[in-house]
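Undergrad: Spelled out from the first residue to the last, the chains are:
There are 2 protein chains.
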Amino acid sequence: MSALEHVLIAGQWTASVDAQGSFRAADPTQAEAIGPSFPVSGAADLEAALAAASAVAVELAAVPAAQIADFLDAYAAAIDADADTLVALAHAETALPTEPRLRSVELPRASGQLRQAAKAARSHAWTDPVIDTAAGLRAHRAPLGKPVLIFGPNNFPFAFNAIAGSDFASAIAARNPVIAKAHPSHPATSQRLAQLAHQALLASGLPAAAVQMLYHFDNALGLKLAGDARLGAIGFTGSRVGGLALKVAADKAGVPIYAELSSINPVFMLPGVLAERGAALAQELFNSCMMGSGQFCTNPGIVIVPRNADGDAFVAAALKHFSEATPKVLFSQGVQQGLEQGVATLLGAGAELLAGGNAGDGAGYHYQPTLLSVDAGTFIAHAEVLQTEAFGPVSLLVRADDTAAMAALAASFEGNLTGTLYRAADGCDDDVWQAIAPALRTRVGRLIANKMPTGVAVSPAMNHGGPYPSTSHPGFTAVGMPAAIHRFTALHSYDGVPEALLPVELRDAAVAGLQRLIDGRWSDAAVGTSA
Amino acid sequence: MSALEHVLIAGQWTASVDAQGSFRAADPTQAEAIGPSFPVSGAADLEAALAAASAVAVELAAVPAAQIADFLDAYAAAIDADADTLVALAHAETALPTEPRLRSVELPRASGQLRQAAKAARSHAWTDPVIDTAAGLRAHRAPLGKPVLIFGPNNFPFAFNAIAGSDFASAIAARNPVIAKAHPSHPATSQRLAQLAHQALLASGLPAAAVQMLYHFDNALGLKLAGDARLGAIGFTGSRVGGLALKVAADKAGVPIYAELSSINPVFMLPGVLAERGAALAQELFNSCMMGSGQFCTNPGIVIVPRNADGDAFVAAALKHFSEATPKVLFSQGVQQGLEQGVATLLGAGAELLAGGNAGDGAGYHYQPTLLSVDAGTFIAHAEVLQTEAFGPVSLLVRADDTAAMAALAASFEGNLTGTLYRAADGCDDDVWQAIAPALRTRVGRLIANKMPTGVAVSPAMNHGGPYPSTSHPGFTAVGMPAAIHRFTALHSYDGVPEALLPVELRDAAVAGLQRLIDGRWSDAAVGTSA
Numbered sequence: 025m026s027a028l029e030h031v032l033i034a035g036q037w038t039a040s041v042d043a044q045g046s047f048r049a050a051d052p053t054q055a056e057a058i059g060p061s062f063p064v065s066g067a068a069d070l071e072a073a074l075a076a077a078s079a080v081a082v083e084l085a086a087v088p089a090a091q092i093a094d095f096l097d098a099y100a101a102a103i104d105a106d107a108d109t110l111v112a113l114a115h116a117e118t119a120l121p122t123e124p125r126l127r128s129v130e131l132p133r134a135s136g137q138l139r140q141a142a143k144a145a146r147s148h149a150w151t152d153p154v155i156d157t158a159a160g161l162r163a164h165r166a167p168l169g170k171p172v173l174i175f176g177p178n179n180f181p182f183a184f185n186a187i188a189g190s191d192f193a194s195a196i197a198a199r200n201p202v203i204a205k206a207h208p209s210h211p212a213t214s215q216r217l218a219q220l221a222h223q224a225l226l227a228s229g230l231p232a233a234a235v236q237m238l239y240h241f242d243n244a245l246g247l248k249l250a251g252d253a254r255l256g257a258i259g260f261t262g263s264r265v266g267g268l269a270l271k272v273a274a275d276k277a278g279v280p281i282y283a284e285l286s287s288i289n290p291v292f293m294l295p296g297v298l299a300e301r302g303a304a305l306a307q308e309l310f311n312s313c314m315m316g317s318g319q320f321c322t323n324p325g326i327v328i329v330p331r332n333a334d335g336d337a338f339v340a341a342a343l344k345h346f347s348e349a350t351p352k353v354l355f356s357q358g359v360q361q362g363l364e365q366g367v368a369t370l371l372g373a374g375a376e377l378l379a380g381g382n383a384g385d386g387a388g389y390h391y392q393p394t395l396l397s398v399d400a401g402t403f404i405a406h407a408e409v410l411q412t413e414a415f416g417p418v419s420l421l422v423r424a425d426d427t428a429a430m431a432a433l434a435a436s437f438e439g440n441l442t443g444t445l446y447r448a449a450d451g452c453d454d455d456v457w458q459a460i461a462p463a464l465r466t467r468v469g470r471l472i473a474n475k476m477p478t479g480v481a482v483s484p485a486m487n488h489g490g491p492y493p494s495t496s497h498p499g500f501t502a503v504g505m506p507a508a509i510h511r512f513t514a515l516h517s518y519d520g521v522p523e524a525l526l527p528v529e530l531r532d533a534a535v536a537g538l539q540r541l542i543d544g545r546w547s548d549a550a551v552g553t554s555a
Numbered sequence: 025m026s027a028l029e030h031v032l033i034a035g036q037w038t039a040s041v042d043a044q045g046s047f048r049a050a051d052p053t054q055a056e057a058i059g060p061s062f063p064v065s066g067a068a069d070l071e072a073a074l075a076a077a078s079a080v081a082v083e084l085a086a087v088p089a090a091q092i093a094d095f096l097d098a099y100a101a102a103i104d105a106d107a108d109t110l111v112a113l114a115h116a117e118t119a120l121p122t123e124p125r126l127r128s129v130e131l132p133r134a135s136g137q138l139r140q141a142a143k144a145a146r147s148h149a150w151t152d153p154v155i156d157t158a159a160g161l162r163a164h165r166a167p168l169g170k171p172v173l174i175f176g177p178n179n180f181p182f183a184f185n186a187i188a189g190s191d192f193a194s195a196i197a198a199r200n201p202v203i204a205k206a207h208p209s210h211p212a213t214s215q216r217l218a219q220l221a222h223q224a225l226l227a228s229g230l231p232a233a234a235v236q237m238l239y240h241f242d243n244a245l246g247l248k249l250a251g252d253a254r255l256g257a258i259g260f261t262g263s264r265v266g267g268l269a270l271k272v273a274a275d276k277a278g279v280p281i282y283a284e285l286s287s288i289n290p291v292f293m294l295p296g297v298l299a300e301r302g303a304a305l306a307q308e309l310f311n312s313c314m315m316g317s318g319q320f321c322t323n324p325g326i327v328i329v330p331r332n333a334d335g336d337a338f339v340a341a342a343l344k345h346f347s348e349a350t351p352k353v354l355f356s357q358g359v360q361q362g363l364e365q366g367v368a369t370l371l372g373a374g375a376e377l378l379a380g381g382n383a384g385d386g387a388g389y390h391y392q393p394t395l396l397s398v399d400a401g402t403f404i405a406h407a408e409v410l411q412t413e414a415f416g417p418v419s420l421l422v423r424a425d426d427t428a429a430m431a432a433l434a435a436s437f438e439g440n441l442t443g444t445l446y447r448a449a450d451g452c453d454d455d456v457w458q459a460i461a462p463a464l465r466t467r468v469g470r471l472i473a474n475k476m477p478t479g480v481a482v483s484p485a486m487n488h489g490g491p492y493p494s495t496s497h498p499g500f501t502a503v504g505m506p507a508a509i510h511r512f513t514a515l516h517s518y519d520g521v522p523e524a525l526l527p528v529e530l531r532d533a534a535v536a537g538l539q540r541l542i543d544g545r546w547s548d549a550a551v552g553t554s555a
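In the order they appear, the protein sequences are chains Y and B.
Numbers in this note's numbering are just positions in the first sequence, counted from 1, shifted up by 24.
Numbers in this note's numbering are just positions in the second sequence, counted from 1, shifted up by 24.
Be careful, since some hints might not be right.
[As the list claims (entries may be wrong)] DSSO-like mimics (lysine-lysine), calculated; alpha carbons at most 30 Å apart, straight line:
id, chain 1, residue 1, chain 2, residue 2
1, Y, Lys248, Y, Lys276
2, Y, Lys344, Y, Lys475
3, Y, Lys248, B, Lys276
4, B, Lys276, B, Lys248
5, B, Lys344, B, Lys248
6, Y, Lys276, B, Lys248
7, B, Lys475, Y, Lys276
8, B, Lys344, Y, Lys248
Keep in mind the hints are simulated off the structure, nothing from the lab.
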């Protein structure tokens, strides 16, 4: 096993103590192994990572905010400076386009996210301080005092990487140690990121065990770890099956888990907007559905289209795009197989194949852009199975006779990350909007007008979250600072505690720029002064 | 079954459709049945309640905030006006003292809580609006769009009643329909409250099915209901065993559950403060431990006392109080049996009996004030079993040789609602504080200085919550407006949605008095104006 790459535990790059095997990345375009061999960690590695992270949790919770922020900023700068190497590694392991996707979009997004987390840490903005001088009570959000376990997904090698993405930035900003579980689809990318994180960590003076990284472990060990009460929380982005298994384990141990599971992101084309610009919308749908070969959690998986002449024209235009497209490269054999199964499930439940429906020709992992169609009645009669996520360049059109059918469809959806309504600029669709939006609103995290759901801005007003089963909790977002940080915090109240023994943001003195709710009024001034 | 009292479903007082049996309240002082017979609801009642609440959820989510607030205020006024009747009913069913507890403390607390919830509803303060004009994104907290199921506990017939307490006020303030499950210890009190709620509801013009109330159902039906995905969330206050069973069911269905389970509320007596005023603290401990016959979730169940002369004097003084006291009345036979079991468990794990330890003489349900002691080493060696909650007038002293032993104890505790440190006024204990507080802090929701944990102020800076297993989530409080409302909300983002189609607190116009995070700055002004 001496040839295996090292894992990062307790501030050291170290050989896996009990590797259960090894694996290599694959070039998705050729289905051939590339790069070095990485260990599949055994129970001893997991225990060492958890013990090391646990041992520094209370110490890390007490470090100054500026020290955490400096680390995040330094790590962001290191990622930017290392862009050539990181992009080359990620491109080789994922086949995602170098430009614009990896270099101009995702990598700056990842480093920008770390900087936003640094800013939130430095400003204490995520701590939501509340001071009640009459009652002698002061409360804020605080570190969990336990490690956060993060599982990264296959589809964003930078921006959702367990060692660099939003979950990582959020957990660290709240001063929690992290155990990152990389996705085995891009181990070398994750390793490179972890090296940059490790260097920045050592330079920062933070506890060296603030960050660990493992590349892979089997499902049974993952469930055991997720069910360990020494964890403070879990962040997960990935498949519904995997996420729900982890959720069962975590729930049993009382460990909060923030799992982003799956979403089909219904898009309603209202009648007026199709009359206004149906052909352009067909192009928009196609473009959105092909982004990252459709391997986006916000992929437009269901499109509701009126059954009328404008709807028919829209479908014909969309069908032309899908039919003329070449197969799209997928991340892995697993994704291809899952997609084949998903499409088969949809067809078996009554969907009609309009285009694609097979892998297509060529080397590597791929799938033909696929358009399916079903009528609203069939959809509602088999709503559960027809909401099966087909993770890839696939969309299911649902044809609706009238507004009532559209409203019934809205009420038939499970929880989703997003729901979109395309409406005409002249307002002629707004009665239909009002008939659909209330039911749709309660079923989605982000309600979108006139835009495809792909494209998730890193904004404090973003909600990249949604009702179950799109995520495990309807109250939290995985993207957007400082809101995403709230997932990895505990509510701490201090009752009658002398000022000198309070954390900095709850003392009388103001924290520059920090708004606090003091005796019922928001203020950035010191306690006892009028703002 | 025609003699059974009616349940409240879909805005109607109606006979139970499928009562599985009946029950009556008991006078705890005599262990004799009192009052009318109430139905134990069957599956059809539960389904009817869930269906009725579900049917109005989207409608209720859209009502104006003022209408909700008016209902809450009217209900609060009705409770105050009906105090004589309510207090008499609650006293008969719980044996809690009429004065000051029921009339002067708990009833005003309950109506005050409803008014605070009304104020939060009217001000929209719980919605946390965030506006990012550059990104076209606006987000806030919003109703769940599904009913909230609330299980009330035995120990607060007004302030935590499923039909009137903090969970109820919180869920309604966020415009969610409620299914209240009263505690069978005080059905007539709950019925009277529900009648007042129902009258206020009908007068308010809100959907009549916004509130349902059932008195009792068996555990299996409760688990089935808790696991129904039509629920938006669950609020529970009660025993750990019951709460964890509901949590398993809810977790499986992806229903967020906010369960307040159990807490032993460790209290550290630091060396200096015992030298300063040990005798007074022994009285404080005794008084706190006897409140409500010790049937408080914040009862001081564990007291850490230095093993030195001051510690010995404190223990002797406390022992005198406990020894001289008469048996305390308990709510029910179940509480008495649970307490007997709990004390037996503690004794079996090595605790020594100093006083009490038995039910004592007399009619009804009761238990002798009980003081136990154990050394720190034994406690740590059997930490899990010695943290068994003994719900009643019982406290376990843990004798610690030195600061290191105290710190080790702090690190041995499970999650608790509260942790208390008594320190000397001259600061001589502060080194010991610093040695203990960091580990204790991460294990409790509220860190208290120089006060017993009983007494939970309704303040926005309160945290009546704590890490698992004291509650099911470390990030939320069950008491304190508007924070408690956050439990029953979903995060909603709007992306590119025209202003006219936005909810009121996200439109450009200011909402009087409402602070919003607009483009990174907190402001109560309209979007586009400088505050």
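Undergrad: Can you list which hints this structure breaks, lowest number first?
TA: 5, 7, 8
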